[in-house]
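**Q** Same order as they appear, the protein sequences are chains A and B. Start counting the first sequence at 1; every next residue gets the next number (the UniProt record's numbering). Start counting the second sequence at 1; every next residue gets the next number (the UniProt record's numbering).
Hints are computed from structural coordinates only; laboratory data are not their basis. Here a beta-carbon is modelled for each residue, glycine too, at the ideal position from N, C-alpha and C. Take these hints with a grain of salt, some might be off.
Selected chain A positions facing chain B (in silico; Cβ < 8 Å) [unchecked claim]:
#1 Gly149
#2 Lys213
#3 Ile301
#4 Arg323
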Amino acid sequence: MALKKKRKGNKTLVNIVLGVICLIWLLPTLGLFISSFRPATDILHTGWWKVFPHQEWSAGETIQLNKEVDLREPIEVNGTTYTDDQLKAGVTVDGNRLLWENRRARTINVQEQAWAFKPTLTLENYKNVLSGKEYKLKEADGSETVQKGSGLSQAFWNTLTIAVPATVIPVLIASFAAYAFAWLRFPGRKTLFVMIIAMLVIPLQVALIPVLKDYTSLGLNGSYLGIWLAHTAFGLPLVTYFMYNFISQLPKDLFESAFMDGASHFTIFAKLILPLSVPALASIGIFQFLWVWNDYLVSLIFIGNQPGVQVMSMKIADLVGSRGNDWHLLTSAAFISMLMPLAIFFLLQKYFVRGLMGGSIKG
Amino acid sequence: MKSPIGRKMSLALVLCLSFAMLLSACGGGNNAAKNDPPTPATNNSQATTDNTTVAPVETTGSPLELAMKGEYKGTKVSMFGPFVDADQVKFENSIKEFEEKTGIDIQYEGSKEFEATINIRVDGGNAPDIADFPQPGLLASIAKTGKVIDLTNILDQAKLKANYNQSWLDMATMDGKDGKIMTGVWNRSNVKSLVWYPKKQFEEAGYKIPETWDEMMELTEQIAKDGDPAWSIGIESGAATGWPATDWVEDIMLRTTTPENYDKWVKGELPFNSPEVKHAVEVMSDIWMNKDYVYGGTKSIVTTAFGDAALPLFDNPPKAWLHRQANFITSFFPETAKIDADYDWFYLPSIDPQYGKPVLVAGDIYSMFNDRPEVRAVMEFFTTGESIKTWVQSGGVIAPMNDASLDWYSSESDRRMAKLVQEASTLRFDGSDLMPGKVGAGTFWKGMTDYVSGTANLDDALKQIQSGWDN
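Pulled out of the complex, with its shape left as it was, chain B reads as follows (with noise of 0.2 Å):
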C-alpha cells in the first residue's frame, strides 16, 4: 500500500470482495428457501420408514398404553413451548406421573421468544419433538411447509372425537402440504368472554348480574349515576398493544352476526370495511367512546397495560366494576382477593337471542414434528384430561377434553367456566389468532390502537386493518 496505485487496487478489491459478498449471501438466502420444501421431505420420509419398523409394535395396544407397560423406558422427549415460570412449574406437575409411569422423560424448554424461534429452529432442521403453538395462525404457516405431521392415521380418530367438541377438531385441521392434514391436539384452553365484578361489593351495592346486552348497558348507566366508571379497560401490551381490542370485537361479532360471517372475516373474505364489522366495532365504542363508562376516560385506555387493568376492581370502594377479559387474568389478580367470595365472573351477554350463547375460547394446540414411537406416546396422552389435571386443579386453565371432570376445578368460578365451554352453543377461537400475522399480530392491534386513541376515525382504523390482507 505504498503506491497510490496499489492503494487504488486494494479499494477496488474491497469493492469487489464486498459486492461478490453481497451477491453470495442473497443468492444463498434465495437457495435456502428455494431447497426448503424437500429438506423436509426427506426428514418425513426418514421418519415414515422409522415408523415402519416400529409398525409390528403397534398391533397390540396403543402407543400411549404400550408407553404405561413401560415399553418406552429411558427415551427423551424433547417439547418446546411459550410458557415460562409459575406455568412452566405447573406444567412439569402435570406430566410428572406420566413420566414415572412410563419412563419417558419430556424435556420441556420454555422460551418468552417462542414465536421467534420456532421457525429458526424448524428451517435449521431443529424441530423439537412436540412444539406447543399458542397461536394457531404460526401452526398454520408452519405446516404449509409440510414439516408438520399429519396426525390423522396416528391418533385414533373415533377416540378424539368422543373427547373433544366437533369444533377443536375442525380447528387443528389446517392446509397441510398436499391437502388438510391433523395438525395438532389440544390441550390447555382460556375462555375469552367474561366479565369480572368485584363480587362482594357488587352484592353490597345492590347490583344484579345482567342477562342481555341491554341490561348490562343499563347497569353501566347506573354505576356512572352512582358515581364511579363502570369499565376499567386497558389495551397496553408492549409491542402487542391492541390485542384486549380485537378480543372485544371478535366476541361482539360472534354477538351482532352468524357464525358462518365470523368464520368468513377470520379467513379474510369478510373485509373489515364490511357493515357487520363496523356494526360490532359500534357497539363496543358505545362502552369505550364514553368516557362516563371508562375508569380513567376514553384517553387512558390506551396507556394502562392490559394487566393492571384489572386493579381498580379491588380497590376499596372499588373505582371500576366491570372487566371484561380471559380467565388468565386471574394471575394479574392481587393475592390477596379471594375467587368466589371477592371476585367472580359472569358470561359477557349475548346481544340477539338468534345467536345463542357463543363463547370465545384460545388455546395451545401440540403438535408433533418427529414421527418416534415414544412421541407418538406423549402425544396420545396430552388428548386425554389426565395430562392436564394438576394444573386445573391450581386454577387459571380450562381443560378441552370431556373426560376432564368437572369436580376436578378447585373453585367454583373454574367449574362454571368449564361447564360454560362445554355447553356453548357456538364456540370459536380467537380470530386475531387464527388471521396471518400481517393482520391478527399486526394491523388489527395497530388499526384499534390508532382509533382508540383518536388518531384516525372508524372507517380510515378499519380500511388501514383491512389493508394488511392486501399486501
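With the rest of the complex left out, here is chain A (with noise of 0.2 Å):
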C-alpha cells in the first residue's frame, strides 16, 4: 500500500516536471505562431504577448510646460519637481504616469491605466509568402509598376522532388544492408559493420569540398540526381544501424522455418522482413524525410538556389531581403513549411512512438 502510494507521488512529480518542459519547449512556438499574424510594425513594436489583453497606458489629459525650461535642470511638474530622465522613463503619481508627450513642445502627458482588449491581427505576411511579395518598381518616367514575385509553391515541388527520392533511397539500402548484417554470415562482416558505425561519427561537412569536385567532374552539380545521392550517402550509416537493430532482433525461428522450407533470401526479406519491420521503416522514415526537408546546407552546396531547383528552406531565407528588411515574413513562412513534416508526422505517428519502442522493450 505504502509502496503504491509512493509511486503515485513520483508519477506526479513526472508528470509536472513533463509539463514544465513542453511549457518551455512550446512557449517560442506560440509566441512564433501569434506574431506570424500579426503586422510588420507590431512586431517591430511589441512582444507577442500584447495580444493578450493587457492593462496599457492610455493618454489622459496633456500639461504644458513653460517653454523656456531647461531641460538639463530639474524640471517642475504641478509643484513636484523631476529629472529629465524620469520624465523620459515615466513617473507614477497617485496611479497616473507622467511622461512627455513632446519633449519639443515641452508638454507632458498624464496617462492612466486601460485595459487593451483588441489585438490588431492579420493575413498578410502569410499571403505574401504564400503567393510571393510585390515589388514597387519606377519606371523611367516616374511611375510606379508592381511587379509580384514568386510564391512557395515552386520550391514546394521542388522540395517534394528531393525529399520523397532522397526518404525511400536510403531506408530501401539500408533495409537491405541490415538484412545482410544481421543474418547473413560472409567474411568482414563485423569489420564492414563497424566502419559504418564510425561513420556515424563523421561530421557530413568535411565532405562538402571533394564530394563537389566529384560531381563537377561528373556534372551532377544542380540536379535532382546529385542530391538524392548525398542525401543518401549522408544518411545510410545512421538508416542502416538503426534497421539493424530492428531486423536483428526478429526471432531467429522464423527464418530458419523459411529457410527450412526453401525460401531464398530474397524471398524472405521481401515476404517476412519487410512486413515485419513496418514500424522501424515507418519512424526512420519520418527521420530521414524530416532531415532532408529541413536541410539548408547540402542544398546550398549541392543543388544552389536556381529558381527551378530550389528548395523551401534556401527560398525562405532568401524572403527576407538582401538586407534582412523583412525578417517579419520568417514566422509565417516556417509555419507554412512546418506543414509537410507534420502531415506526415500524424499520419504516421502510431508507426513512430512503435518504432521508437522498438528496440527496447522485447517480450
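Each chain sits in its own coordinate frame; assemble them with the hints.
**A** Okay, structure coming up:
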C-alpha cells in the first residue's frame, strides 16, 4: 500500500516536470505563431504577448510647461520637481503616469491605465509568403509598376521532389544492408559493420568540397540526381544502424523455418522482413524525411539557388531580402514549411511511437 | 562477440579504425590544400586554349559588339551573387533587354550565404562564370589563389579608363598568383557619407543644413536644447553587429587625415592604436557618447538594429533628426515617406578643409571565373552604364560608370548623390570591406561594439582591433 502511494507521488512529480519542459518547449513556438499573424510594425514595437488583454497606459490630459524650461535642470511639474530622465522613463504619481508627450513643445502627458482587449491581427504575412511579395519598381517616367514575386509553390514541389526519393532510396538500401549484417554470414561482416558505425561520427561538412569536386567532373551539380545521392550517402550510416537494431531482434526461428521450406534470402526479405519491420521503416522514414526537408547546407552546396531547383529552406531564407529588411515574413514562412512534416508525422504517428520503442522492450 | 577476447578485439578494431580515419581525414585535408594551386592552373590553361580558338573572331569587334550581332545566341552564362528578393528582381529587369538582344541567357543565382558559399564553389571547381563580390577583401583572398581571370587583356583598357574614375580601376587591381591582376569590374555602388534628415519638419523647425563639422555640432546642440536627441544610431546587425560604427570611423578618418594615411590604415601599415585612428574615434565619441545627442542614449546604440535606427526620423514630430547611413537605407524607410519631400540627405561635412570633400563608397565588383567568349561579352556589358540603367531608375543604387547619365535618376536626391561621387575630391572604398576578414569583419566590428557598449575603454578596444592583424 505504502509502496503504491509512493509510486503515485512519483508519477505526479514526473508529470509536473514533463509539463514544465513541454511548456518551455512550446512557448517560443506559440510566440512565433502569434507573431506570424501580427502586422510588421507591431512585431517591431511590442512583444507577441500584447495580443492578450493587458493593462496599458493610455493618453490622458496634457500639461503644458513653460517653453523656456531648461531640460538639463530639474523640471517642475504641478509643484513637484522631476529630472528629465524620470520624465523620459515615466513617473507614476497616484496611479497616473507622467511622461513627455512632446519634449520639444514641452508638453507632458498624464496617462491613465486602461485595459486593451482588441489585438490587431492580419493574414498579410501568410499572403506575402504564399503568393509572392509585390515589388514596386519605378519606371523611367517616374511612374511605379508592381511586379509580383514568385510564391512558395515552386519551391514546395522542388523540395518534395528531393525529399521523397532522398528518403526512399536510403531506407531501401539500408534495409537490404541491415538484413545482410544481421542474418547473412560472410567474411568481413563485422569489420564492415564497425566501419559503418564509425561513419556515424564523421560530420558531413568535411565531405563537402571533395564531393563537390567529384560532382563537378561528373556534371551532377544542380541536378536532382546529385542531391538524392548526397542525401542518401549522408543518411545511410544512421539508417543502416537503426534498421540493423530492429531486424537483428526478429526471432531467429522464423527464418530457419522459412529457410527449411526452401525460401531464398530474397523471398525471406521481401515476404517476412519487410512486413515485420514496417514500424521501424516508418519511424526512420520520418527521421530521414524531416532531415531532408529541413536541410539547408547540403542543398546550398549541391543544388544551389536557381528557381527551378530551389528548395523551401533556401527560398524562405531569401524572403527576408538582401539586407534582412523583411524578417517578419520568417514567422509565417516557418509555419507554412512546418505543415508538410506535421502531416507526415500525424499520418505515421502510431508507427512512429512503436518504432521508437521497437528496440527497447522485448517480450 | 561472445567471448571477452572477441569483445576486446572488436574494441581494439574500432579504436584502430577511428584513429586511421582521423589520420586520413586530416591527411586528406592537407593534400587538398597542397593540390589546390595546380588545379586552377590547369583550369586556366584549358580556358586559355579555348581562347586561342576564338581569337580570330575577336579581331572583327569587341565581344560585346559581336554579342549584339547575335553571335552568341543560345549560350548561357551563370552568375552568382549575394543579392536576393527585391534586388534580384531589379537586377533581372536591368539585364532583360541585353538578354533579348543578344540571345545570351544570364542565369543569375542569388544566395544570402554568398560569402560562405563562393569559397566552397571555387574550391570544388564549381565556380560560376561571373561572381558578384560585395566585399573586395573576399575577392582579394580568392584572387591570390590564381583562380580569378585577369581582365587586363580581356577588356579594352582605354575604354575602361574613359568610363570609370581612376580610383575605381585602382581598387579593382589586386595581387594575383603572379603579380598584379585586374580582378573585376565595378557595377553598382552606394554612397556612405550621407546624413539623412526629415526634410519637411527640419525646415519647419528652422534648422539649416550644416556646411562644416562645427556647424553640424552646433546644430546637434541646438536640437538637444530644443528637446530632442539629434542623432539616431543603431549598430545591431546579428553576427555583423558593429559594422555601421566602422563606417563612421572610416568617414571621419578621411576627414581628419590624408588619403595616404587612410590607405596605409586599410593595408594594416598604420595601426589602430595610432593617434590618427584614435583621434577619429574620439571625434565620433563626441556625438556617440553624449546621451543628449543620441536617441535612447548611448546604451541603446548597440541594441538597436541598424535598419530600425532610421525610423525615429519618420515619427511625427520626429523623435530624432539626423541619421548617417549609406543610400541603401532608404529600403528600410516607411513606404509612405516620399523622397525629396519628406526626407532628404546632406553630405557629412568636412572637418579639416585641407582634406577637401572626401566621399566614402562601397560597391559590387563582378569578376570572371570562366573565360568563354560569351562571358567576355557579358563582362563588357557590365562596364557600360546601360547595364544598370533600370536599376538606377528604380532607386537605391548609384552607377559608377561615367556614361551613366544623371537624367536616369528618378529623384533629385539620387541625382545629387551621383554628382557627389563624380565630383568627389577623394573617393575611398569602405575600409572594413577591404581589410582581411579577420579584422574588417571581425575584430573591427567587435572592438567598436565593445567600446560603444562600455565593456572596453578606447585604448583597450583599439588594441583588441589591432590584434586581428597579428593572428
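**Q** Compare the structure with each hint and give your call.
**A** The hints, checked one at a time:
1. Gly149: holds, 7 Å
2. Lys213: holds, 5 Å
3. Ile301: holds, 6 Å
4. Arg323: holds, 7 Å
Taken one by one, the earlier hints all hold for this structure without exception.
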